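Asks: Protein chains in written order, with my numbering: chain A, 446 to 653; chain B, 446 to 653; chain C, 446 to 653.
Hints listed in this document are in silico derivations from the structure and should not be mistaken for laboratory results. Quick caveat: nothing in here was measured; it's all calculated off a predicted structure. A virtual CB, placed ideally from N, CA and C, is assigned to each residue, including glycine. Worth double-checking, as some hints may not be accurate.
[Stated by the list, open to error] Pairs of lysine to aspartate or glutamate residues, derived as DMTMM-like cross-links and limited to a Cα-Cα distance of at most 20 angstroms, are as follows:
#1 LYS473(C) with ASP581(C)
#2 LYS473(B) with ASP581(C)
#3 LYS473(C) with ASP581(A)
#4 LYS473(B) with ASP581(B)
#5 LYS473(A) with ASP581(B)
[Claimed, not checked] Which chain A residues stay away from chain B? Per the calculated CB distances, all over 10 angstroms, these:
#6 VAL605
#7 ILE623
#8 LEU625
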Amino acid sequence: MFETVTIALDWLGVVAFATTGALVASRKQMDIIGFTLLGVVTGIGGGTLRDVLLGAPVFWVTEPAYLIACVLVSGIVFFTAHIPQSRYRFLLWMDAIGLALFAVTGAEKAWYAGADGIVAVAMGVITATFGGIIRDLLGGESPVILSREIYASAALAAAVIFTSLLALGAPRELALAIGLLVRAAALHYGWSLPRYRQRPGRPHEGPR
Amino acid sequence: MFETVTIALDWLGVVAFATTGALVASRKQMDIIGFTLLGVVTGIGGGTLRDVLLGAPVFWVTEPAYLIACVLVSGIVFFTAHIPQSRYRFLLWMDAIGLALFAVTGAEKAWYAGADGIVAVAMGVITATFGGIIRDLLGGESPVILSREIYASAALAAAVIFTSLLALGAPRELALAIGLLVRAAALHYGWSLPRYRQRPGRPHEGPR
Amino acid sequence: MFETVTIALDWLGVVAFATTGALVASRKQMDIIGFTLLGVVTGIGGGTLRDVLLGAPVFWVTEPAYLIACVLVSGIVFFTAHIPQSRYRFLLWMDAIGLALFAVTGAEKAWYAGADGIVAVAMGVITATFGGIIRDLLGGESPVILSREIYASAALAAAVIFTSLLALGAPRELALAIGLLVRAAALHYGWSLPRYRQRPGRPHEGPR
Numbered sequence: 446m447f448e449t450v451t452i453a454l455d456w457l458g459v460v461a462f463a464t465t466g467a468l469v470a471s472r473k474q475m476d477i478i479g480f481t482l483l484g485v486v487t488g489i490g491g492g493t494l495r496d497v498l499l500g501a502p503v504f505w506v507t508e509p510a511y512l513i514a515c516v517l518v519s520g521i522v523f524f525t526a527h528i529p530q531s532r533y534r535f536l537l538w539m540d541a542i543g544l545a546l547f548a549v550t551g552a553e554k555a556w557y558a559g560a561d562g563i564v565a566v567a568m569g570v571i572t573a574t575f576g577g578i579i580r581d582l583l584g585g586e587s588p589v590i591l592s593r594e595i596y597a598s599a600a601l602a603a604a605v606i607f608t609s610l611l612a613l614g615a616p617r618e619l620a621l622a623i624g625l626l627v628r629a630a631a632l633h634y635g636w637s638l639p640r641y642r643q644r645p646g647r648p649h650e651g652p653r
Numbered sequence: 446m447f448e449t450v451t452i453a454l455d456w457l458g459v460v461a462f463a464t465t466g467a468l469v470a471s472r473k474q475m476d477i478i479g480f481t482l483l484g485v486v487t488g489i490g491g492g493t494l495r496d497v498l499l500g501a502p503v504f505w506v507t508e509p510a511y512l513i514a515c516v517l518v519s520g521i522v523f524f525t526a527h528i529p530q531s532r533y534r535f536l537l538w539m540d541a542i543g544l545a546l547f548a549v550t551g552a553e554k555a556w557y558a559g560a561d562g563i564v565a566v567a568m569g570v571i572t573a574t575f576g577g578i579i580r581d582l583l584g585g586e587s588p589v590i591l592s593r594e595i596y597a598s599a600a601l602a603a604a605v606i607f608t609s610l611l612a613l614g615a616p617r618e619l620a621l622a623i624g625l626l627v628r629a630a631a632l633h634y635g636w637s638l639p640r641y642r643q644r645p646g647r648p649h650e651g652p653r
Numbered sequence: 446m447f448e449t450v451t452i453a454l455d456w457l458g459v460v461a462f463a464t465t466g467a468l469v470a471s472r473k474q475m476d477i478i479g480f481t482l483l484g485v486v487t488g489i490g491g492g493t494l495r496d497v498l499l500g501a502p503v504f505w506v507t508e509p510a511y512l513i514a515c516v517l518v519s520g521i522v523f524f525t526a527h528i529p530q531s532r533y534r535f536l537l538w539m540d541a542i543g544l545a546l547f548a549v550t551g552a553e554k555a556w557y558a559g560a561d562g563i564v565a566v567a568m569g570v571i572t573a574t575f576g577g578i579i580r581d582l583l584g585g586e587s588p589v590i591l592s593r594e595i596y597a598s599a600a601l602a603a604a605v606i607f608t609s610l611l612a613l614g615a616p617r618e619l620a621l622a623i624g625l626l627v628r629a630a631a632l633h634y635g636w637s638l639p640r641y642r643q644r645p646g647r648p649h650e651g652p653r
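Please construct the entire structure, taking both the sequences and the accompanying hints into account.
Replies: What follows is the structure in C-alpha cells.
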C-alpha cells in the first residue's frame, strides 16, 4: 500500500511542476513546443539530476510514462491557461505543492539507495528546486529563486525532518506525513528566515 | 557503409555547432579561450547530456577527437570571423544544420541503446537543442531559444519522424533521409506553429 | 604523504569556492538558506560535473564531509561577511585560489582515471570553472565569466602544463608545483590573451 502512496505523490509532484513550466511558457507567449519543453524540463528536471548524481538509471528513461504525462499536461495548459483567474497565483500554488512532494520523495529515494543522511537531505532539496531553477533560466525569468525565502527553506525543512525521522527509525508513513505537514504549516503561516542585511554605512562595493 | 554515414553526419553536426558557439564569442568580443570554451560547449554539449541521461560513456571522453575538432574550429573562427558578409546569418544556418543532424543522430543513438520511442525522441530533441541553450546562457544572450519557434519544433519534427520510421521497421537509411528532408522543408518554407496569445482584456499579472 | 597533499589541496579548493558562493549570496542579501545553497553549489559544482562526465561516483555522495564543509563555510560567511574591508576583492582572491587548485586536481583525477591528455585538460578546466559559472547564473550575475580573460585562460594554462608534465613522465609533485606556480605568476603579472576585436567599419549586425 505504501509503495502506491509514494508513487502517487511522485506523480502528483511531476504534474504540479509540469504545470508551472507550461504556465511560465504561457506568460512568455511561446508556441506549443515551447510549452512542452518547459513543461517537461520543469516536471522531470529535479528527479533527473537526482538520479544522475546518485548514479541510478534516470527514472523517465526507464519509465517513459512520466515523460508522456508532462507532454499531456503541457498540452492541456496550452488550451486552458486563460481560465484561472490569476495564472500567477495558480503557478505559485502548483510550485509549492511540487516542492513539498519532491523534497520528501527525493530524500526518500536517496535514503533507500543507501546514501548518508546529509546526502539524502541534499538530494531532497535538489529534486525539489532544480526543475524550477531550469524553468526560470530557460523562461528568461531572472533566477530570483534563491532570494524567494520560502522556496528553498521549505524544501530544506521538509527534507531535514523527513530524513531525521527515517534515521531515528520512525516508520516511513509517519515521516512522510510530518514532512508534508511542516511544509504546509510553513506555507500557511508564511514562516521565513532572516536575510543578510548590509551593515549601515557600508557602501556597495565592486564593479558587479 | 551506413556506419560511416552516421559518423560523418555526427561530425558535421559537431563542427556546425562549434562554429555557432565561436561566432557568439566573436559577437561578444571574447578572447581566444572564450571562443574555445563556447565552441567546445556548444559542439559537444547536447551529445554529452544525452550520454549522461542514457547512462552511456560520454562520447568525447572515449573519443577525444571530437574535443580536438571543436578546439580547432574555434581557433579557425577566431581568425576568420570577420570574413562572412553577415556573421549572424551564417550563425543561423550553421545552427539549423547542426540541429537537423543532431535531432536524428541523437534519437538514433537512444533507439539503438534500447530506449522507448518517446525517450528516443526526447533524446533527439535534447541532443539538438542543449548545446545551443548552454551557448546562449553562457554568452549572455537572453535564452530566447524557446520562443524561436523554428528551433525546437524542427528538432522535434525530425526526431519524431525518424523514430516513427525506425519503429515501423523502415530501413535506417530511409528514416534518416526523410528526417533530414522534413527539417530542410521546414526551414525552406518557414513552417512554424501557432503561439499562445493573451486573450484580450487580460492585463498582465503578477510581479515577475 | 603525497596523497595527503592532493586531498588537502582539494579541500582548500572546495572551501575557497564555497566562500565565493556565500559572498555572492551576501552581495544579493539572501537568507541563510540562499547562502548555503550558493556556497554548496559553488564549492562542489565543478567536481560534480567532472565525476558525472567521467562516469565516476560523485565525490560528495560517497564522502559527505565535503558537503558538510560547504554548509559550515556558508554559515560562517553569513555571520562574518561584513568583516573584510572589501568583500569583492576577497571574493576575487578566493576565486583565484579555488581555480588554481581545481584546474590541477581536476586534471589529475581524470588522468589517473585513464583519460586521454586532452580530456584530462578539459576536466581540469571544467572542474575549475563550472562552480563559478553556476554561481553567477543562480546569483543573477550576468555570466560574464567567459569574458573575464584571466579566468578560463589561467585554468587552462594550469591544466595544460600539469597534464603535459604528467604525460612526459614528470613526478606528480613537480607537475603540481609547476602548475600552481604558473597560475600564481599569471595572477601576479596579470597575463592575459588578445581578445577578438571588431574590424573598423563593420556595423553590429543581427537582431540579438
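Asks: Run every hint past the structure and note whether it holds.
Replies: Now for the hints, and whether the structure bears them out:
no.	hint	in the structure
1	LYS473(C) with ASP581(C)	11 angstroms, holds
2	LYS473(B) with ASP581(C)	18 angstroms, holds
3	LYS473(C) with ASP581(A)	18 angstroms, holds
4	LYS473(B) with ASP581(B)	11 angstroms, holds
5	LYS473(A) with ASP581(B)	18 angstroms, holds
6	VAL605	28 angstroms, holds
7	ILE623	32 angstroms, holds
8	LEU625	26 angstroms, holds
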